[in-house]
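All chains, full assembly: derive it from the sequences and hints.
Top line first, the protein sequences correspond to chains E and C. For the first sequence, position 187 matches number 200 in the numbering used here, and the numbering has no gaps at all. For the second sequence, position 24 matches number 37 in the numbering used here, and the numbering has no gaps at all.
Some hints here could point you the wrong way.
Treat identical chains as interchangeable: a pair holds within one or across any two.
[To be verified] 30 angstroms max Cα-Cα, derived BS3-like pairs, lysine-lysine: (1) Lys231 <-> Lys119; (2) Lys231 <-> Lys65; (3) Lys165 <-> Lys231; (4) Lys252 <-> Lys105; (5) Lys208 <-> Lys119; (6) Lys67 <-> Lys231; (7) Lys165 <-> Lys67; (8) Lys24 <-> Lys119; (9) Lys252 <-> Lys162; (10) Lys252 <-> Lys119; (11) Lys119 <-> Lys101; (12) Lys162 <-> Lys208; (13) Lys65 <-> Lys208; (14) Lys231 <-> Lys24; (15) Lys24 <-> Lys67; (16) Lys65 <-> Lys162; (17) Lys252 <-> Lys24.
Treat the hints as calculated values from the structure; they're not laboratory data.
There are 2 protein chains.
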Amino acid sequence: MASTRLFLSAKNAAALDAELMSSGGFSLDQLMELAGLSCAHAVYKSYPPDQKNKVLVIAGPGNNGGDGLVAARHLRLLGYNPVIYYPKRPNKDIYNRLFTQLQNLKVPFTEDFESALQSTDQVLDAIFGFSFHPPIRSPFDAVISLLEKSTKPVISIDIPSSWDVDSGPPEAGNLGSGFLPQVLISLTAPKPAAKFFVGEGHRHFLGGRFISAEIAEKWGFELPAYPGTEQVVELPVAK
Amino acid sequence: MASTRLFLSAKNAAALDAELMSSGGFSLDQLMELAGLSCAHAVYKSYPPDQKNKVLVIAGPGNNGGDGLVAARHLRLLGYNPVIYYPKRPNKDIYNRLFTQLQNLKVPFTEDFESALQSTDQVLDAIFGFSFHPPIRSPFDAVISLLEKSTKPVISIDIPSSWDVDSGPPEAGNLGSGFLPQVLISLTAPKPAAKFFVGEGHRHFLGGRFISAEIAEKWGFELPAYPGTEQVVELPVAK
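Below, the structure is given as structure tokens:
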């Protein structure tokens, strides 16, 4: 098991994000673009677009959903056939623009999650990120319940949705306790819940290549070396 | 010689950019982030950061300069030692933020172009882009003059600065007529001046991977296939 120094708590992840967008000089557009791009690349490394794979992107109402929408745009340009389920669309400029970009690429939006899940090759879980707090509101409770029962490969952005960012999966018997994605893409740094992401053949990537060694040092997490110009670096997963 | 269908004129490049940022739903932050990232990757492919190369980034006052500033940030994260010459800094939010980001990364800004040129390993020419019109104003006239005489490898973003976007290098004897970079990074699509970018060992990349096949078709240029998740694709250069 890796040392706790590797992990960025929910509280610190929020504070670091706020710092990047204030004194750091970053815009949400910039950070989300690089984060979403890295998510698309992690999907590519895990499930190459050999057969123009259908990827069902489940976008939540916040920035995790925004990362998913950016990823969907890049997946389309990478040769995938993304389909978006985006039931709660806040009327915020950046989300409206991401929506427009996807419409221009003729990426379909669906309102029938269950059918879309049945016909997809992979699922990109962009429902909740590091600011998630239970309870899971409708319709995402039903979505999580279906994902628990599904055998479709799931790639989760930042945390497996329904998991507590710091403490991990819900207790046995609760909604989400049976949800374990095949691939986890941690953004900026793995959150503590990533300790519970285990299993043979499962893959863990780190993305969001906008963090300097100095920032990592200041916030107390390790920054693994990205290979070459890659936007993701693969991390070990315990069996 | 490639067909003219490969090229995007100065007028059409401006119109396409305007379309991307209006009905396209893109922000300048998003487009510049992807453009600048691809420029950094083209530098990496041409001059890998084996010895923590010094790269002198010459940033002009417009969006080409902004692409250069984004590239400089990514170059720093890729292991280079960028140094910025940015003599005309418009007081515009996005440029101020890019400046802040570079300051936070401790990327030095210099006011002594001549000394910086002497001590650098490579030069990233981010002075003028597709909206360039002569004459070249001070201090960039002196910069172009020094680049003409220098033997340092130059990587130009979108067009070799001083060249006319549509008609190519200035006539013999005029400022810039002796300026031929080693590497050209065309953004979105090569501009007509790229026809004059020739020479053995010279390399031409296309970057700015945000264009769909439909957009390329609509604007009448060809979109070469980017390999895998690469942000640049190399184009042939006539000897």
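Hints versus structure:
1. Proximity of Lys231 and Lys119 under a CA criterion of 30 angstroms is satisfied inter-copy only: 15 angstroms between copies versus 43 angstroms inside one chain copy.
2. Proximity of Lys231 and Lys65 under a CA criterion of 30 angstroms is satisfied inter-copy only: 23 angstroms between copies versus 42 angstroms inside one chain copy.
3. In this assembly of identical chains, Lys165 and Lys231 lie within 30 angstroms of each other by CA distance neither inside one copy nor across copies; the values are 39 angstroms within and 37 angstroms between.
4. Neither within a single protomer nor between protomers do Lys252 and Lys105 lie at most 30 angstroms apart by alpha-carbon distance, with minima of 41 angstroms and 51 angstroms respectively.
5. In this homomeric assembly, Lys208 and Lys119 never come within 30 angstroms of each other (Cα to Cα): the closest approach is 38 angstroms inside a single copy and 34 angstroms across copies.
6. In the homo-oligomer, the alpha carbons of Lys67 and Lys231 lie at most 30 angstroms apart only across protomers (26 angstroms), although the nearest pairing inside one protomer, at 40 angstroms, exceeds that limit.
7. Taking the shortest Cα distances, Lys165 and Lys67 sit within 30 angstroms of each other inside one copy (11 angstroms), while across copies they are farther apart (48 angstroms).
8. Taking CA atoms no more than 30 angstroms apart as the test, Lys24 paired with Lys119 passes between copies only; the shortest distance there is 27 angstroms, against 38 angstroms inside one copy.
9. Proximity of Lys252 to Lys162 under the C-alpha cut-off of 30 angstroms is restricted to the intra-copy arrangement: shortest distance 22 angstroms within a copy versus 60 angstroms between copies.
10. Taking CA atoms no more than 30 angstroms apart as the test, Lys252 paired with Lys119 passes in neither setting, with 40 angstroms inside one copy and 40 angstroms between copies.
11. In this homomeric assembly, Lys119 and Lys101 come within 30 angstroms of each other (Cα to Cα) only inside a single copy, at 20 angstroms, whereas the closest approach across copies is 41 angstroms.
12. Taking CA atoms no more than 30 angstroms apart as the test, Lys162 paired with Lys208 passes inside one copy only; the shortest distance there is 23 angstroms, against 57 angstroms between copies.
13. Taking CA atoms no more than 30 angstroms apart as the test, Lys65 paired with Lys208 passes in neither setting, with 33 angstroms inside one copy and 35 angstroms between copies.
14. With identical chains, the CA atoms of Lys231 and Lys24 are at most 30 angstroms apart within one copy only, with a shortest distance of 15 angstroms there and 47 angstroms across copies.
15. With identical chains, the CA atoms of Lys24 and Lys67 are never at most 30 angstroms apart, being 35 angstroms at best within one copy and 38 angstroms at best between copies.
16. Proximity of Lys65 and Lys162 under a CA criterion of 30 angstroms is satisfied intra-copy only: 25 angstroms inside one chain copy versus 50 angstroms between copies.
17. For the identical chains of this complex, Lys252 and Lys24 are intra-copy neighbours only, at 28 angstroms inside a copy versus 57 angstroms across copies, given an alpha-carbon limit of 30 angstroms.
Checked against the numbered hints listed earlier, the structure breaks hints 3, 4, 5, 10, 13 and 15; every other hint is satisfied.
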